[in-house]
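Going line by line, the protein sequences match chains A and B.
Going by this note's numbering, 81 is the number at position 81 of the first sequence; the sequence numbering is gapless.
Going by this note's numbering, 230 is the number at position 230 of the second sequence; the sequence numbering is gapless.
Honestly, the hints are just simulated from the structure, not real lab data.
Just so you know, even glycine gets a beta-carbon here, dropped at the ideal spot from N, CA and C.
Hints should not be assumed to be uniformly reliable.
Unchecked claim - In silico DSS-like links for lysine-lysine, alpha-carbon gap of 30 Å or less:
no. : chain 1 : residue 1 : chain 2 : residue 2
1   : B       : Lys170    : B       : Lys354
2   : B       : Lys105    : A       : Lys145
3   : B       : Lys354    : A       : Lys43
4   : A       : Lys15     : A       : Lys145
5   : A       : Lys145    : A       : Lys43
6   : B       : Lys354    : B       : Lys336
Unchecked claim - Ranges of calculated distance between the beta carbons of each label pair, as one might list FRET restraints:
no. : chain 1 : residue 1 : chain 2 : residue 2 : range
7   : B       : Ser136    : A       : Thr115    : 24 to 34 Å
8   : A       : Thr115    : B       : Ser23     : 51 to 61 Å
9   : B       : Lys105    : A       : Ala5      : 34 to 44 Å
10  : A       : Ser18     : B       : Val107    : 53 to 63 Å
11  : A       : Thr115    : B       : Gln118    : 47 to 57 Å
12  : A       : Lys43     : B       : Glu313    : 42 to 52 Å
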Amino acid sequence: MLSPADIDTLLLTFKVASIATILMLLFGTPLAWWLARTHSAWKGVINAIVAMPLVLPPTVLGFYLLVLLGPAGVIGRFTQWLGVGTLPFTFAGLVVASVLYSMPFVVQPLQASFTAIGEQPLEAAATLRASPLDTFFSVVMPLAKPGFLTASILGFAHTVGEFGVVLMVGGNIPDKTRVVSVQIYNHVEALEYTEAHWLAGGLLLFSFTVLLVLYTGLKTSPVAHQLK
Amino acid sequence: MTQAITARFQLEYGEFQLAVDLSLPGSGVTVLFGHSGSGKTSLLRCIAGLQKAQQGFLQINGQVWQDSQQDIFLSTHQRSLGYVFQEANLFPHLTVSDNLQFGLKRVVKAISNPVDLQHIVELLGIEHLLQRMPSSLSGGERQRVAIARAVALTPEVLLMDEPLASLDYKRKQEILPFLGRLHQELNIPVLYVTHSQQEVAQLADHLVILEAGRMLASGPALETISRLDVPMAQDRDASTVWQVEVLEHETEYHLTRVRFDGGELSLPMLESQMGTVLRLQIYARDVSIALTAPIDTSILNVLPATITDLSFERNGQSVVKLQVGQLSLLAHITRKSALMLKLQTGMAVFAQIKGTSILN
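Generate the whole structure from the sequences, applying the supplied hints.
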């Protein structure tokens with residue numbers, strides 16, 4: 001069965017993933033909106049940067065984050081100047097790393113559903129006196145609801161599943177940075193296969209359920225109501 | 001004229017250039033007519049602010065919406081306009097009723113008098129659709145909702161971009177009477193983009209003809225339709241529109257006599273009351289020409305006329321413009337006939353009208 005330490009890692013994982021998902025939606029939504037609408041030459045560059053975590057080994061991302069956020073890094077110096085210390089091996093550092101690592105899973109579905117909405121509803125809203133911000137909340141958000149759902153679920157699930165970046169940036173500190181994937185690693189290292197089974201099996205079930213919901217439950221809705 | 005529209009735009013993208021300088025009446029229906037690529041939709045979008053002309057000046061009823069020299073450009077949502085798109089473009093996540101309310105909720109100088117909306121809803125015959133979702137409506141119903149949604153704002157100007165183009169003939173006929181009624185009951189100037197001569201004949205008070213981004217003609221509709229130098233006169237469906245007044249019904253022949261500015265015509269029996277003013281469309285292909293008054297003809301409407309203009313087209317056809325009383329009339333005849341009859345500008349002839357159709 002799950003030990004109290006296992007349960008702590010589960011709770012911590014849930015906390016990291018929830019906070020990271022909220023932050024990704026906050027930052028990812030304007031970014032995805034800009035990417036879906038812009039004709040700027042920077043679009044390709046930004047798209048590539050956002051998608052990088054999809055192909056990079058997590059250790060590479062983790063390594064650079066460690067350097068940047070560390071005491072000698074640019075961001076590390078800034079955070080020290082702010083008086084909050086350095087981020088590596090803290091909960092906050094773990095969240096920052098998770099946000100960067102899972103961002104494409106939030107930005108890409110949002111960008112796709114914003115693109116699918118097209119120009120027409122926005123123009124209709126403008127001729128009906130809605131300002132661009134008003135239009136975003138009253139027309140774009142409702143129409144992109146399936147995109148937001150997909151983005152939240154994928155962003156959350158992917159954060160739960162991360163390992164490499166966590167180990168590099170967060171380390172293995174109980175109650176601060178020790179998440180489920182790291183705990184499974186600990187169990188296996190200690191040859192505690194039964195304990196590893198419980199957590200690993202749990203994650204397997206969780207991932208399958210999430211994907212099942214995405215592919216069956218939401219299948220009917222992604223931008224299902226095309227504009228007439 | 002204070003109640004008027006001034007629009008000057010210069011716009012360039014790729015191969016296309018739009019360069020127009022228009023002065024339009026502040027009431028009635030102004031039709032912007034042209035074939036695809038003529039720039040009529042771009043012009044409408046510039047007026048709406050959906051597209052920004054590099055150089056432009058736009059004044060509607062005394063308010064300046066754009067003046068590139070003073071760097072003035074109101075965004076679309078700041079302009080008091082109604083816009084009806086080619087596709088109804090209703091919000092799919094809102095009911096018909098919420099679609100109608102969308103703009104009303106945001107209008108600043110809200111007339112949001114529910115009686116007005118009620119009136120518009122009745123005028124367009126959509127009372128029974130209010131709780132439905134747009135996806136469950138037919139194309140014609142959707143377009144009626146879209147028109148109501150735009151009109152409900154009582155804008156300074158109503159812009160309509162081929163609102164009937166995506167509908168079949170039957171649906172068009174379902175909406176046209178509503179447009180006619182709107183135009184009579186609401187005093188909102190309408191700019192109406194179309195490539196259909198039928199719609200021009202039926203709706204236009206003022207007509208602007210565009211070709212390749214330039215204005216070819218602009219003037220009162222009835223005169224402009226029949227001008228020889230505008231390509232409309234050469235179209236297969238070219239026609240003249242006359243305003244006529246019902247004089248009397250000849251019930252034994254099932255005919256109605258009508259008067260126009262300069263003569264009378266017999267038409268198949270109409271249901272309209274005496275004194276009613278109607279628009280009569282006469283297709284150029286239904287008009288033939290005789291040099292002497294034909295005595296033994298079955299055609300009832302033979303009118304003395306003068307040739308005011310004559311042109312030969314490449315396809316063996318010739319377009320003859322006639323003056324009948326105070327009105328002009330177009331005739332399409334073969335080039336051979338025109339040559340055999342030795343038709344010339346200034347000749348007195350007789351126009352025989354084989355058929356007419358009533359527009360309203």
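30 Å Cα cutoff - pair B/Lys105, A/Lys145:
Given that 30 Å is the threshold and the Cα spacing comes to 23 Å, the pair holds.
Consistency of beta-carbon spacing, A/Thr115 to B/Ser136, with hint 24 to 34 Å:
For B/Ser136 and A/Thr115 the Cβ distance comes to about 26 Å; the hint holds.
Take a quick look at whether B/Lys354 and A/Lys43 sit within 30 Å of each other, Cα to Cα.
Violated - the C-alpha atoms of A/Lys43 and B/Lys354 are around 64 Å apart, more than 30 Å.
Using the C-beta atoms of A/Lys43 and B/Glu313, is the stated range 42 to 52 Å upheld?
holds (51 Å)
Does the structure keep B/Lys170 and B/Lys354 at a Cα separation of 30 Å or less?
holds (26 Å)
Look at the Cβ atoms of A/Thr115 and B/Gln118 and judge whether their distance stays inside 47 to 57 Å.
This hint is violated: roughly 39 Å between Cβ atoms.
B/Lys354 paired with B/Lys336 [C-alpha distance capped at 30 Å]
Answer holds: B/Lys354 to B/Lys336 is near 20 Å, not above 30 Å.
Is the hinted pair A/Lys145 and A/Lys43 satisfied, with a Cα-Cα distance of at most 30 Å?
holds (24 Å)
Taking the Cβ atom of A/Thr115 and the Cβ atom of B/Ser23, is their distance within the range 51 to 61 Å?
violated (41 Å)
Hint check: A/Lys15 vs A/Lys145, CA-CA at most 30 Å. Holds or violated?
holds (24 Å)
Does 53 to 63 Å hold as the CB distance between A/Ser18 and B/Val107, or does it fail?
violated (41 Å)
Confirm or reject the claim that B/Lys105 and A/Ala5 have a C-beta distance inside 34 to 44 Å.
Between B/Lys105 and A/Ala5, where Cβ atoms are some 55 Å apart, the hint is violated.
Of the numbered hints listed earlier, those contradicted by the structure are 3, 8, 9, 10 and 11.
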